[in-house]
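Turn these sequences into a full structure, and let the hints guide you.
2 protein chains.
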Amino acid sequence: MHSGGVLNIFGKLLILLSLFLLAPIPFSLYYHDGMIATFLLSSLVGAGLGGLLILLFLPEKDLGYRDGFAIVVLSWLGLALLGALPYAFSGQMGSFADCFFESMSGFTTTGSTILSEIEVLPPSVLFWRSLTHWLGGMGIIVLSLAILPLLGVGGMQLYQAEMPGPTKDRLAPRIEDTAKILWSVYLLITLILILLLMLGGVGFFDAVCHSFATLATGGFSTHTASVGYFKSAYVETVIIVFMFLAGTNFALHYRLFSGKYRTYLKNEEFRLYFKLTFFAIFLIVLANMRYGVYDSFADNFRAASFQVVSILTTTGFGTADFDLWPPVCKVILISLMVIGGCAGSTGGGIKVVRFLLFFKYARLQLRNLVHPKAVGAIKLGKLKVPQEVMVAILGFFALYIAFFMIATLLVTAMGVDIVTGATAVIATLNNIGPGLNLVGPTANFGHLPAAAKILLSFCMLAGRLELYTVAVLLTPDFWAMARKPVWRRFLPAAKAAG
Amino acid sequence: MHSGGVLNIFGKLLILLSLFLLAPIPFSLYYHDGMIATFLLSSLVGAGLGGLLILLFLPEKDLGYRDGFAIVVLSWLGLALLGALPYAFSGQMGSFADCFFESMSGFTTTGSTILSEIEVLPPSVLFWRSLTHWLGGMGIIVLSLAILPLLGVGGMQLYQAEMPGPTKDRLAPRIEDTAKILWSVYLLITLILILLLMLGGVGFFDAVCHSFATLATGGFSTHTASVGYFKSAYVETVIIVFMFLAGTNFALHYRLFSGKYRTYLKNEEFRLYFKLTFFAIFLIVLANMRYGVYDSFADNFRAASFQVVSILTTTGFGTADFDLWPPVCKVILISLMVIGGCAGSTGGGIKVVRFLLFFKYARLQLRNLVHPKAVGAIKLGKLKVPQEVMVAILGFFALYIAFFMIATLLVTAMGVDIVTGATAVIATLNNIGPGLNLVGPTANFGHLPAAAKILLSFCMLAGRLELYTVAVLLTPDFWAMARKPVWRRFLPAAKAAG
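Same order as they appear, the protein sequences are chains A and B. Residue 428 in the numbering used here is what sits at position 428 of the first sequence, and the numbering runs on without skipping anything. Residue 143 in the numbering used here is what sits at position 143 of the second sequence, and the numbering runs on without skipping anything.
By construction, these hints were calculated from the structure, which means they are not laboratory data. Heads up, the beta-carbon is just placed ideally off N, CA and C, and yes, glycines get one too. Misleading hints may appear alongside valid ones.
[Unchecked claim] Some, not all, of what chain B presents toward chain A, calculated at C-beta under 10 Å: (1) V293; (2) F297; (3) P326; (4) V370; (5) L399.
[Unchecked claim] Cross-link-like lysine-lysine pairs, in silico, DSS-like; alpha carbons within 27 Å at most: (6) K379(B) <-> K275(B); (7) K373(A) <-> K275(B); (8) K384(A) <-> K373(B).
In structure tokens, the structure reads:
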């Protein structure tokens, strides 16, 4: 492993984040919430550490597969740690485990919180919470559309073809080019949403924070009542539409902006995502009607639509306490949690395309049992899915089951009840936000033991990085090849400079 | 499809079962429970229907793949219907949905019951319940080791090599030979268990019924308190050992009887099954100790050992109410439910070997991410697992998830709560018996709506026949090829005779 090169890049990312740590200061000045020193100090720590790493380690050019994994995991972990500093320095958030949980929940666009009262926090800290979502969302789009496909992670190779680029709709030769294009789209959609929310009467601060959380499918709100606070059908409808867009492959949005209007309809994953949304809303409206949960059809439809899109896209915003809905609705919502958004979106979960291919695979198997001599191939749209991609997707399900079982076992071993424990793991592993029971939509994660918070933070990270990326680092193979220990590379930059 | 040939074989099976329907009559005579007419009538119905089918349809020689699937599903469904007649005629068991549920639960060796009081039933009816287990267990051994491998179902091809036969430990050329060998082993172990239980003071009737349920990993008891009724450490220990043996591949037992003493240790699936049992017992003893569930270590160890083996082998006997254990124990038990016994045993669930290969697959994937150019193969013992077998096993997991999600959705849609609904599906789909909450170890399935009972009976059938066998019949492909409709084949036997 090129440990030096990895740490050099990590240092640069820390410096970049330390610049973003200055962004809440204008809000602190405006609201006089006394958090300027908190953010300045956090930024300084980040810049100091980052600078030190850059000084100590030279950049390296020929970084390999394993370096890629190390950079991705190290960055997310390091940014979550640095991002937890303002929470810790502000003294508003209990133990460091709590701060780390909240920060990881932000950067992984999960949206699970340890806070029971949101409004008591200083506005600049609330802004930072939302900003971590938005930055995490940026990271995820580039990761899933430009970096993971190159690393061959869990079937994401399929998306090499989807990646936008400046020439002829093909892959930009350099990750930086792809990133710039995607980020422009992301920024543009964010600005449109801020504008639309403000047109609906939402204040600038709330509009920005909720737009960040929506685009990142994060779920942090500036209000304890989440989006329900606004009590506005317009705001909810706008947010439903933009959550849905945020759960869509961003390569498709890019294509739309370059004039290809039929790009969504041509995408098989998007079609299933669309149908799934409507089908789930239909089922929940029906069940809520049968059990008489809502007095009017309009209330029922509004709450069901919002919750289905919020959960399927793994945003986790709330307008209703779905823990009070009939059991069948909860089963539908848990299923949606596991499915998640589209690949290449900011949404979490297993991803619609993986389920699509998984069941195409099972169908092919059944067909082969009836016609043993027939040879079939799995297609996605017009693309024939290569064997190694199928293999990676199936392995992904094995990893998912393993992570889910082990994490649920550990959380319940800490004394948490089954439904709370299992749905807390589902909510974090799929980067959703709320679970059921004691971590339900009106509850929070604050009461869990510190060890459970650390474990669930790890689940958020693993889920966000498509499991494989984290799991690879847990294999002996990964470390067996790191022959040159990190201290052998220590100080080459200083030597070269001297 | 050779519909005539299929129905001819089905007719023969009905006649065979109608002979077994006479077996409870001696018990009815001995206990004077007045059920002689009930069993005579049921037997007559079976013999009449079977005879009619044999008269109407000629046997056919060249039966194909699809005929195999049709025979297997039709037989299990038909036998469960015929086996429900004594319950219905006896007037002791409520609606026909209840009788069908109880009969299907017997033949699929599930052991879920709709009865709240067991002892009130006439002894001959209790004997019939246990006998359905034992016959179902016989069917399953032959199905999993001789029939399904030929049909290529869900990775069972792997077991073609495992199948015992009269010459040189290789596959007997005909299914009948294999069946005879396996049944001798099954009968021999049953007789040993009856003897051991009687030596421990258990009466002949109880010894026979519990031996049938143990060997079949069924779980029906002749007492409401299940095996806990005997309050005997000796009886529990003997049953633990024999449940464990019943959850083991019967091909291994056959090899032991032919003098190969190291056969168990050489089998990779068995080694994992063995380790898993001890690891689960260790964890549950630890958790129960921490939460102070039992006063003495001996009680804790005894209850944990019994419950782990009972659940992992999918027997479902009870000596303790594990619904009162701490949440982590319930998560462990649910995991064991899903894993199930070894392939080629009477146990249900996904099977240890499928999990073994599934995770070997994920590990190979992770290794390939680190060494992208390396080519790896998955081995089971010394055997290299062919690609098509891996593909079938992975497809099995997709089917399993689909069955589980849809069934849980439907059951909760009938108004059942989440934990009850989900564990009722797990308990039936994996052929275990009890679930948690309202279908927990001290409860029963009697209070569920009739539609849920039919659905759960279908889950038992699907689980028992390794999902694929049932799923194939649900595909349009299967029926598309059945060009000659069944009525075109009607009456050829009568014609040929005349």
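Tell me the hint numbers this structure goes against, listed in increasing order. 1, 2, 7
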